[in-house]
Structure formats: C-alpha cells, structure tokens
Amino acid sequence: MSTIHRVGILGAAWMGPGIAEMASHKGFEAVLVDRTQEALEAGRQAVEQSLNAQLEKWAITEVEMRLVLSRITFTTDYDALSGCDVVIESLLGDLESKRESFARLDRICKKNIILAMNTSTLSVTEIAQATSRPTRVIGLHFLAPVVRTQVVEVVRGLKTSDATFRESKAFVESLGKTGVEVYESPGFVTTRLILPMINEAAYALLEGVASAEGIDTAMRLGFEFAHGPLEMADRMGLDTVLLMLERLWRDYGDLKFRPCPLIRKMVRGGHLGLKTGEGFFKYDKEGHRLH
Amino acid sequence: MKILVLNCGSSSVKYQLLDMATEQQLAKGSVERIGMDSAQLIHVKANAASVREVSPILDHTTAVRRVLSILSHPEHGVISDVADIIAVGHRVVHGGEMFSSSVVITPAVKDTIRCLFDLAPLHNPANLLGINAAEAALPGVPQVAVFDTAFHSAMPRMAFLYALPYVLYKRYKVRRYGFHGMSHRYVSERAAQLLGRPAEDLRIITCHLGNGASVAAVKGGHSIDTSMGFTPLEGLVMGTRSGDLDPAALLYIMAKEELGLGEAQAMLNKHSGLQGLSGMSDMREIEQEMWDGNAKAREAFEIFCYRVRKYIGSYAAALEGVDAVVFTGGIGENSNAVREEVCKGLGYLGVDFDAQANSEAPRGQEAEISRPGSRVRVFVIPTNEELVIARDTATLVRQTQPVGD
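Order-wise, the sequence lines are chains S and W.
Residues in the first sequence are numbered consecutively from 686, following the working numbering.
Residues in the second sequence are numbered consecutively from 1033, following the working numbering.
Worth double-checking, as some hints may not be accurate.
To be verified - Which residues of chain S face chain W? A few of them, derived with a C-beta cut under 7 Å, are:
hint, residue
1, K742
2, A744
3, T746
4, Y763
It is worth saying that the hints were derived from the structure and are not from the lab.
For every residue, glycine included, the Cβ atom is placed at its ideal position computed from N, Cα and C.
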C-alpha cells in the first residue's frame, strides 16, 4: 500500500464531520462527500463548532483552526473519492442502503485502497460481498464524540486480509487513536457491553430503584465513568439506543438485549436525549446537561 | 569540501550548502508543506534572486531529492554534481543523556534517536525522517547528527536536577536538558574571540532571544546552566510560550477550566507568552504598538525584558561574576529596545551600557554595545547554527575518512 495522504469520508450527517476534522488535524487531506449541499453545510458547521470549542479551551490556535478547515473539501461529487487513499463510509442507514453505497464506492475508488465502514452493529462480511474487493473491506467503529474518544474498534470481516487489518490499525493510530482488533460479531465489544448496562439502568429507573440522577451518580462515581449510563444514552440518542438494542436482540436472539419499555416510550414521545434537548435529563443548546 | 546542512520538521526541510574551505554559504532554502500537492520550494543562491517552485512533494525523500536537483541545477544551482556534497549534517533536537557531542550517524545512532522520541515527540521523529530521506537520496554519503542539547550536556547535577521525587529522574529522565545549544555555543565562542581571550578563562551569559528564547551561563566554554529545561517551555517569556510559572497555577487552571492534557499543553505552548499577555506574538509588532501607546504591548515588552534581566542576574551569581553578555536570535539581534531595557540597571554588575552604539548597531552584523572600559562587555552576535553543524560535520568526516576528500 502506498502511504495515505487523502482520506475520503462518505456521509456528513453523523460522525463524518468529526472523522474529517480529526484526519485533517493530523495532517491528512480530507474529502467529505454527501448527497446534498444542506448536509454538507451542516457538516461544515459541526466542524467549525467543534474547532471553536477547542479554540476556546486553548487546545488549538486560530491559525491551526484555519489550517484544519482548509484541508477539508466538502463536496457533493462522489467522484472526488477517486483520488482518496482510504475511504470511510459513515452513513446512517440500514444494510441495504450500505450495500448500495459500497457497490458504488467500489466502482469509483482506486482499485487497491481500503474501504472502511463505520458501524457498530452491521456486518462487515455482508457489506464486503457488495464489492469486488472483499479482502480490502474492514469495519472501523468510531465512537462519538469522534474527536475526543480514544478508541476505535478495527473490525475484521470474514474475508478481511491481514494486510488490510494491519494497514487499518496503523491508519487509526496515525489519527492518534488506539485501535482494538475485533472479529465481526453484532455490537463488537463496546456496543455489546454498554447497551445491556444502559437498558438495565432504564429498568432500574422504571422499577423505582433510584432516581435518574441517583443511578447516574452511583455509576459515575462508583466506576469512574465520565457520564452515567442514562446520560450516555441521552448522548447517543435514545432512538439510536433503541435501534441498536433491537438489532442485537434480533441477531443474538437473547432476551438480555430486549429494549426496556421506558426507552421505547420515550422514543415515541420524541424525548431522544441531547439532540431534542430532553431525554432522561435536560440539555442546553451547547450540549451541557442542565441540573 | 561542500557540506549540506539539513533541519527537518514534520512537514518542512530547511537546507544550506556550505563550502568548508571558506566557510561560505553557497545557497540556502526550504521546502514547506511536504505531504501536500501545493508543497513549496524556496531556493536562494548567494548573490542571486530567490527561486520559488510549487509542486506536489509527498514525502521527505522527495523533498531532499528536489533540494539536490536545484543545488545542481545549471542556472540556479551552485554545484555541477551532487557528488560534490561530501557529507550531510543534520540538526537533531534532542540528544537526551546519550549524546554529549555530535556523532556520525549509524544504525545504532538512529535507534537511540528513536528511543528519544518520547522526550521530543514533535521534533525527533521529523529529524529522523530527514536522516532517512538524506540516506536514501545520497547513499554512501556520511551523515552527521548535531544535537540542540549537546552543548548543555556538561551541566552539573545541581543545575539539571529538579527537586522532584528522585525516582522520576531515574524512571523517565525528567531533568533539565536545555536547547538552542548550537546557538549558545556559536555566540559564546565568537564572544571569546572578540574578547581575545581563551574560552577556558571566561564567564559568558548568552541570550538567544527569538520566537523561542533561552539564556545560558557559559563557563570555560561549557554551558553550566540554561533557562530551558525538560522541554523548551521553561524559562523566558516567549512568543507564545509562558516560560516559568508556578506549576500549581497550572493545576488550578486545569481544574477550574476542566482542561485535558492536550489542552493544557497547547495553552502553555501556543496561547501564552507575549501572545497571551498582549494578543501579539511578534516582538516587532509589540514594539510598534508600544510606541503607539498600547499599554498591553508595553506591559508585555516589560515583562519579557524583566525576565531576561532576572536570568542574567541569577547566572551572574551562578558563574560567580561575568565577563560578557551576548544577545542573539531574531529579537536579540534586531531589537535595540529590548537590549536597552534588559541592560538598563545592570550597572551594579559592571555593565557600562552604550546606548548610542546599541541604537546604531548595524543589522545582521556583530557589534559591541558596552562602552570602552566596561568591566562586563556586551555584544550583539548574529547566530549561525548551520555553521556549527557544518563544522562539526566536517571535523567528524575528516576523522573518519582521513585520506583526503
């Protein structure tokens, strides 16, 4: 593999802007592609907002901020990905839409580059089948918030080659993250272990064992978490939590993944957490929890 | 005997070609933005207009090859054949406790430089990239590493140990190393020549004042103390670096502002110093603003100079007297206002400052700015780190290859 200079990212609605920002910060050229100008504009705003927050905390300088922005190309032109040395797909969507995206990436991108899927639950093996290069397809599970979270699960599908894994892990480490090797399995490690805890926290709340505040404080201080499980759920988005629980429930057929009715009810009521300003807790526009 | 001097950063290569028969600089230049399609090469041949080229240069090896090709270019070049370059001297920032002088690069030397990545995470990896690039572009040509820390390596333990739990020194080599070694060495040697006395008998305080700034106490030709410490953050107020502060203040700020390690590091290195005090990091701009009546600029200027003066006082104590004070670096060489503010009040030490000679000191040249008969002599000496690198490289190459060029 030649060295990576240009990183392609498909999808500006979710973690894409964060990945682009991080790659650019580490000196790569980043190309962020999405279907619509609106999505790209929102992506640009997300990057600017993140950089501004860092500037405020003295983490970067204004010059560095301009430099990071200048190295990101925002475009609706998928063909821009043809010049990239690795492409990370980070679209929200189901298996079918991802299969289509990968078939398209396979046609556009240089023949031997790695195509990575950012997902927590979908099958790399299955997606790889939609391409002509299943050995060069891998999963890279970034965790939100991308810029701050230190770990990336590097997910091997059935056909992912050792070289692809090694190059991907090295790439992840050049982004300043620690890569953990994971063999494809629903939820990998992080999602599989955190979801039952969140779900159990919701049951504890539902049963009146403790208040939401009490549950989170106990877990936060008891196990040195940055956030308690209920705030974690709010930050992920309760709709996302529900979706992932259902996927794991279906894939494993195990009742421990059955979504707590309280989560379902909150999603129906539009209390999705941080993004709607209210979930188990309330939040302001900057994403700070209100006490 | 032509020697190429390289100073490699993570995305840049600065170079000079010197003819060691005359110690003349034949050409110099830089490649910036390595890794991008819009990389830029600027090449200046002595007594000629500069050449600028923009082209994709994706790695350091390509950058060094581009440098070699322009050095041997029929019009812009200064040598007819790349084979005229008999050795390459590299600036390497951190020599740790392993290197107390310059060395010919071998695989073992490279391994040691790699071991020191932890101590200089921004610089040593880039320096090693440059070494590998030069080895690839000039196979068989001897390469020499010259270290920024080496001149300070004879500091006594009482100067380099921090009063921290001793185990931290044993475990992580946390101690004062000092930087700008080539500059302090060059100007202290020049000062000894200007004084016409052997370096062995002299006590010299050298002030390298640039965007990064440090002071060194030089006794008998060796640095016995210097203001930069474990990293180039300690000591003087700098363009964007805080210099000395109470470590507990940092801990307090980190708790209050909920700063992580990276944020705290960036705050101290990139948002502090002159920039933090006044919003301006460039001394020229600060002086301009100060004359225009900007109080913040004046305060930043005074704090900067006061810190230098304090260090001169403390190093006079460390040296048990002082024979000469030297100013160098971008600010030290060019700002007569800074020199005057620093030297103001050093009369008790024996400095008889010559304000007129100071304000008339010609740019880019050596000058004495103390009055005749001054007990402590004060000099402005433009630094020449490349010449130090080239000289060490030439000396080592002669030793290892004694049979002619």
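For each hint, the structure was consulted:
Interface hint at S:K742: satisfied, since its Cβ lies 5 Å from the closest Cβ of chain W, which is below the 7 Å cut-off. Here the hint on S:A744 is kept, as its CB sits about 4 Å from the closest CB of chain W, short of 7 Å. A least Cβ separation of about 5 Å between S:T746 and chain W falls short of the 7 Å threshold, and the interface hint therefore holds. For S:Y763, the interface hint is violated, since its Cβ never comes within 7 Å of a Cβ in chain W; the closest pair sits about 20 Å apart.
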